[in-house]
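Protein chains: 2
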Amino acid sequence: MAQVKPSIPKGTRDFSPVEMAKRNYIFNTIKDVYALFGYQQIETPSMENLSTLMGKYGEEGDKLLFKILDSGNFLSDVKPEELTEGGTPKLAARICEKGLRYDLTVPFARFVTMHRDELTFPFKRYQIQPVWRADRPQKGRYREFFQCDADVVGSDSLLNEVEICQMIDEVFHRFGINVAIKMNNRKILAGIAEILGAPELLVDITVAIDKFDKIGIDNVNKELAEKGLNEAQIAQLQPIILLQGSNVEKLATLKNVLAASETGVKGVEELEYILAKVEKLGGTRCQLDIDLTLARGLNYYTGAIFEVKALDTEMGSITGGGRYDNLTGVFGMPGVSGVGISFGADRIYDVLNTLNLYPTETLQSTQVLFVTFGQDEQDFALPLLAQLRKAGIRAEVYPEAGAKMKKQMGYANAKQIPYVVIIGSEEMETGMVSLKNMITGEQNKINANEIVNQF
Amino acid sequence: MAQVKPSIPKGTRDFSPVEMAKRNYIFNTIKDVYALFGYQQIETPSMENLSTLMGKYGEEGDKLLFKILDSGNFLSDVKPEELTEGGTPKLAARICEKGLRYDLTVPFARFVTMHRDELTFPFKRYQIQPVWRADRPQKGRYREFFQCDADVVGSDSLLNEVEICQMIDEVFHRFGINVAIKMNNRKILAGIAEILGAPELLVDITVAIDKFDKIGIDNVNKELAEKGLNEAQIAQLQPIILLQGSNVEKLATLKNVLAASETGVKGVEELEYILAKVEKLGGTRCQLDIDLTLARGLNYYTGAIFEVKALDTEMGSITGGGRYDNLTGVFGMPGVSGVGISFGADRIYDVLNTLNLYPTETLQSTQVLFVTFGQDEQDFALPLLAQLRKAGIRAEVYPEAGAKMKKQMGYANAKQIPYVVIIGSEEMETGMVSLKNMITGEQNKINANEIVNQF
Numbered sequence: 001m002a003q004v005k006p007s008i009p010k011g012t013r014d015f016s017p018v019e020m021a022k023r024n025y026i027f028n029t030i031k032d033v034y035a036l037f038g039y040q041q042i043e044t045p046s047m048e049n050l051s052t053l054m055g056k057y058g059e060e061g062d063k064l065l066f067k068i069l070d071s072g073n074f075l076s077d078v079k080p081e082e083l084t085e086g087g088t089p090k091l092a093a094r095i096c097e098k099g100l101r102y103d104l105t106v107p108f109a110r111f112v113t114m115h116r117d118e119l120t121f122p123f124k125r126y127q128i129q130p131v132w133r134a135d136r137p138q139k140g141r142y143r144e145f146f147q148c149d150a151d152v153v154g155s156d157s158l159l160n161e162v163e164i165c166q167m168i169d170e171v172f173h174r175f176g177i178n179v180a181i182k183m184n185n186r187k188i189l190a191g192i193a194e195i196l197g198a199p200e201l202l203v204d205i206t207v208a209i210d211k212f213d214k215i216g217i218d219n220v221n222k223e224l225a226e227k228g229l230n231e232a233q234i235a236q237l238q239p240i241i242l243l244q245g246s247n248v249e250k251l252a253t254l255k256n257v258l259a260a261s262e263t264g265v266k267g268v269e270e271l272e273y274i275l276a277k278v279e280k281l282g283g284t285r286c287q288l289d290i291d292l293t294l295a296r297g298l299n300y301y302t303g304a305i306f307e308v309k310a311l312d313t314e315m316g317s318i319t320g321g322g323r324y325d326n327l328t329g330v331f332g333m334p335g336v337s338g339v340g341i342s343f344g345a346d347r348i349y350d351v352l353n354t355l356n357l358y359p360t361e362t363l364q365s366t367q368v369l370f371v372t373f374g375q376d377e378q379d380f381a382l383p384l385l386a387q388l389r390k391a392g393i394r395a396e397v398y399p400e401a402g403a404k405m406k407k408q409m410g411y412a413n414a415k416q417i418p419y420v421v422i423i424g425s426e427e428m429e430t431g432m433v434s435l436k437n438m439i440t441g442e443q444n445k446i447n448a449n450e451i452v453n454q455f
Numbered sequence: 456m457a458q459v460k461p462s463i464p465k466g467t468r469d470f471s472p473v474e475m476a477k478r479n480y481i482f483n484t485i486k487d488v489y490a491l492f493g494y495q496q497i498e499t500p501s502m503e504n505l506s507t508l509m510g511k512y513g514e515e516g517d518k519l520l521f522k523i524l525d526s527g528n529f530l531s532d533v534k535p536e537e538l539t540e541g542g543t544p545k546l547a548a549r550i551c552e553k554g555l556r557y558d559l560t561v562p563f564a565r566f567v568t569m570h571r572d573e574l575t576f577p578f579k580r581y582q583i584q585p586v587w588r589a590d591r592p593q594k595g596r597y598r599e600f601f602q603c604d605a606d607v608v609g610s611d612s613l614l615n616e617v618e619i620c621q622m623i624d625e626v627f628h629r630f631g632i633n634v635a636i637k638m639n640n641r642k643i644l645a646g647i648a649e650i651l652g653a654p655e656l657l658v659d660i661t662v663a664i665d666k667f668d669k670i671g672i673d674n675v676n677k678e679l680a681e682k683g684l685n686e687a688q689i690a691q692l693q694p695i696i697l698l699q700g701s702n703v704e705k706l707a708t709l710k711n712v713l714a715a716s717e718t719g720v721k722g723v724e725e726l727e728y729i730l731a732k733v734e735k736l737g738g739t740r741c742q743l744d745i746d747l748t749l750a751r752g753l754n755y756y757t758g759a760i761f762e763v764k765a766l767d768t769e770m771g772s773i774t775g776g777g778r779y780d781n782l783t784g785v786f787g788m789p790g791v792s793g794v795g796i797s798f799g800a801d802r803i804y805d806v807l808n809t810l811n812l813y814p815t816e817t818l819q820s821t822q823v824l825f826v827t828f829g830q831d832e833q834d835f836a837l838p839l840l841a842q843l844r845k846a847g848i849r850a851e852v853y854p855e856a857g858a859k860m861k862k863q864m865g866y867a868n869a870k871q872i873p874y875v876v877i878i879g880s881e882e883m884e885t886g887m888v889s890l891k892n893m894i895t896g897e898q899n900k901i902n903a904n905e906i907v908n909q910f
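First to last, the sequence lines map onto chains A and B.
The C-terminal residue of the first sequence carries number 455 in the working numbering, and the numbering is unbroken.
The C-terminal residue of the second sequence carries number 910 in the working numbering, and the numbering is unbroken.
To be clear, the hints were calculated from the coordinates, so they are not data collected in a lab.
Accuracy of the hints is not assured; some may be wrong.
Examples of chain B residues toward chain A, derived with CB under 10 angstroms [unchecked claim]:
1. S471
2. I523
3. S526
4. G527
5. S531
6. P535
7. L538
8. K553
9. P562
10. A589
11. Q593
12. K732
13. Y866
Residues on chain A that point at chain B, a partial pick, calculated with CB under 7 angstroms [unchecked claim]:
14. P6
15. A92
16. A198
Within a straight-line C-alpha distance of at most 27 angstroms, the following computed BS3-like cross-link-like pairs (lysine-lysine) qualify [unchecked claim]:
17. A:K277 / B:K845
18. A:K22 / A:K309
19. A:K266 / A:K222
20. B:K465 / A:K79
21. A:K277 / B:K862
22. A:K10 / B:K721
23. B:K460 / B:K486
24. B:K465 / A:K90
25. B:K465 / B:K594
26. A:K280 / B:K710
27. B:K845 / A:K31
28. B:K594 / B:K764
Where is the CB? At the ideal position from N, CA and C, for every residue including glycine.
Produce the complete structure using the sequences and hints provided.
This is the structure:
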């Protein structure tokens with residue numbers, strides 16, 4: 001059989017030990033903070049029934065679902081005439097019952113509905129698992145990638161939004177990444193559309209406002225006119241486009257402009273409550289800015305909208321979330337509202353790499369390697385190795401007794417092992433072994449019996 | 456649209472917070488021990504090219520692979536005449552380029568081959584990821600389950616086998632599960648077949664020997680005769696079937712019986728070396744037994760064979776492994792030998808459940824809940840909550856201020872939160888809050904300012 005050079009499917013990745021150490025650092029940091037705030041982990045199967053997934057992500061999303069071919073004779077129920085139109089989505093649905101998870105939100109909604117009788121609400125869950133999308137792979141976009149979601153469902157309290165700000169602040173403080181949390185509220189956007197009488201132009205308006213910094217007020221107004229806003233509407237929008245100052249100042253302006261919209265005022269009050277509460281509890285170490293151009297998940301979010309941007313590197317949004325009204329309605333369980341966030345692990349990984357922010361100890365695997373000159377020396381090393389491991393120190397001995405020194409030291413270097421204990425005949429005789437610090441190059445003799453105390 | 460009660464594909468599972476806590480305890484224990492011995496984590500994609508997977512698990516295995524339907528028009532290259540034979544494996548291969556990982560060994564072999572130039576050998580890796588098999592689901596057998604593998608490749612040293620015994624011992628010691636490690640060596644089995652001149656009967660022989668305890672020597676001999684062994688062969692086998700005593704005694708008998716087989720003697724010597732070395736390094740806390748009936752992976756393993764059985768509950772093998780000669784040959788990279796083990800996480804989970812061996816603290820998520828009687832009380836609680844979290848204590852406040860006491864306490868019970876801090880108007884006035892131990896029911900007043908010191 002001809003052997004093909006093995007490869008992996010496009011858009012997927014292998015993770016080497018160093019990459020895994022970095023990824024584990026990211027996931028563990030996020031997990032620890034989620035747990036600190038009372039969120040509990042769940043996991044759902046990689047495969048869901050296609051009936052659970054289809055129709056939840058729009059037509060485009062349906063196309064991007066990876067479908068799993070039914071086992072056995074997958075055509076047994078398919079009539080010949082169904083095969084005449086080629087490999088259509090319709091035929092795919094006839095030969096595939098299952099698909100791979102596209103995100104963590106729909107499986108979570110399915111989970112809450114299925115287990116409603118076992119769950120106690122409010123239910124605070126986090127979930128860190130891979131998702132799959134048959135997207136065209138490109139830089140930073142993969143067909144298999146991890147999402148790190150936390151949601152609390154069954155609670156309308158704005159305290160949850162306050163804590164989400166605190167969690168974001170804590171996570172990025174631990175990472176050492178300088179970020180700004182951008183906040184908006186869907187009700188404010190709805191209020192703006194309401195006072196203008198132009199709900200259908202909501203997205204156009206936010207896009208135009210977003211360009212103010214780059215193209216200036218005249219060009220923004222021109223663009224709004226092209227989108228169909230009349231002079232009166234554009235005039236009404238001016239204080240919103242020009243919105244500046246502190247969060248408190250922005251809130252005051254918004255209250256004024258949106259006074260005629262009950263929904264708009266409600267949105268301003270929610271935002272005000274959250275910001276004031278965060279402030280009262282000591283504030284965040286990162287910036288916390290009102291940003292009306294934030295329009296993510298407009299079909300989905302009904303209250304607060306969050307987005308996080310890294311300030312010291314170009315990298316779009318690295319975390320996002322918001323409040324929704326009806327998570328599980330599509331599965332026949334109405335009235336479940338909630339609020340959630342999702343940390344973008346792959347982008348955070350890139351930011352940490354760019355800024356070189358990984359704490360050294362998180363990248364260390366083995367702490368000590370015993371390098372020995374032969375079988376007797378290896379035998380001498382083994383009880384010392386056992387002592388170190390018993391003390392919880394990650395340690396190993398080069399397994400081939402008597403391998404060349406260069407090879408053994410190369411192994412230590414490749415694994416970035418910080419300490420090497422060298423054992424030759426002299427060391428065996430005197431009981432004093434050589435301890436080499438592989439970073440500084442420093443080498444000392446230490447008493448073999450006291451080796452545990454060195455680490 | 457009619458709403459169907461949502462479900463998950465058969466053979467798959469949701470994991471609730473409690474189940475996740477238990478599973479994380481298992482995975483983390485195994486990870487810690489692997490790392491202690493110098494193994495480093497890698498991960499590979501869930502999907503592999505079917506060209507990587509097919510033909511590696513036998514014909515039956517090929518059928519059990521979950522195949523992923525190609526995106527877009529999956530029939531575009533398929534001619535009408537190819538559709539006339541129904542949903543055959545051949546047609547499946549034409550419309551599916553990718554499949555889900557069936558185990559961790561083949562992806563690891565693919566990984567080693569692909570990354571050979573970046574890796575330093577010996578390469579000690581561990582990998583804990585789900586695998587998928589389109590098996591008929593039944594009790595204890597799932598279509599998605601986790602494997603926990605560690606392998607060292609590129610080292611012939613028997614020290615690796617010694618350390619595998621130590622790792623198994625350490626893992627089950629940490630779990631508190633009473634186990635026996637069973638060891639065999641493929642070369643001993645080959646030696647037995649060699650001296651009998653009946654290599655094709657190897658499996659029949661081990662199966663018959665295995666029945667000795669249950670059916671007695673006469674019935675075993677009868678069965679061997681039925682399988683085609685002649686009287687002389689059966690006579691030669693007697694010391695092996697009746698093999699008893701300590702490991703040292705068994706080794707002596709085997710050396711004697713297998714003296715004429717170079718391979719057999721080599722196998723005995725390997726086993727002897729491993730057992731002696733383990734003993735010299737302090738031995739294992741668990742039993743370590745030679746067991747010639749151990750015949751797992753006969754098509755695969757070439758040296759040591761390991762299997763672990765739980766002693767206090769009925770549960771087949773819960774861990775297994777062995778040495779192999781040629782991991783990556785099928786991918787065009789010859790000469791890579793190694794040895795590995797795999798912990799059966801699902802079975803270990805069942806054993807820990809049956810014996811109720813989970814340490815309490817591993818199942819605890821939130822440590823403290825603040826229960827408050829209204830908005831003012833919640834506001835009073837929030838800075839205390841922040842103090843606890845700052846000290847690393849997992850804590851939360853019931854988010855709906857003024858929810859019924861019963862509801863809040865029910866929340867604490869459902870989440871098995873061990874401590875509740877109760878705050879009413881009296882507590883706010885005096886600054887002395889009520890701390891209730893939810894396990895003992897004991898309740899004390901403590902100074903709110905000293906709350907952190909309580910935990």
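Index of numbered hints that the structure contradicts, given in increasing order:
Hints 11, 16, 19, 22, 23, 26 are the ones this structure does not satisfy, whereas the remaining hints hold.
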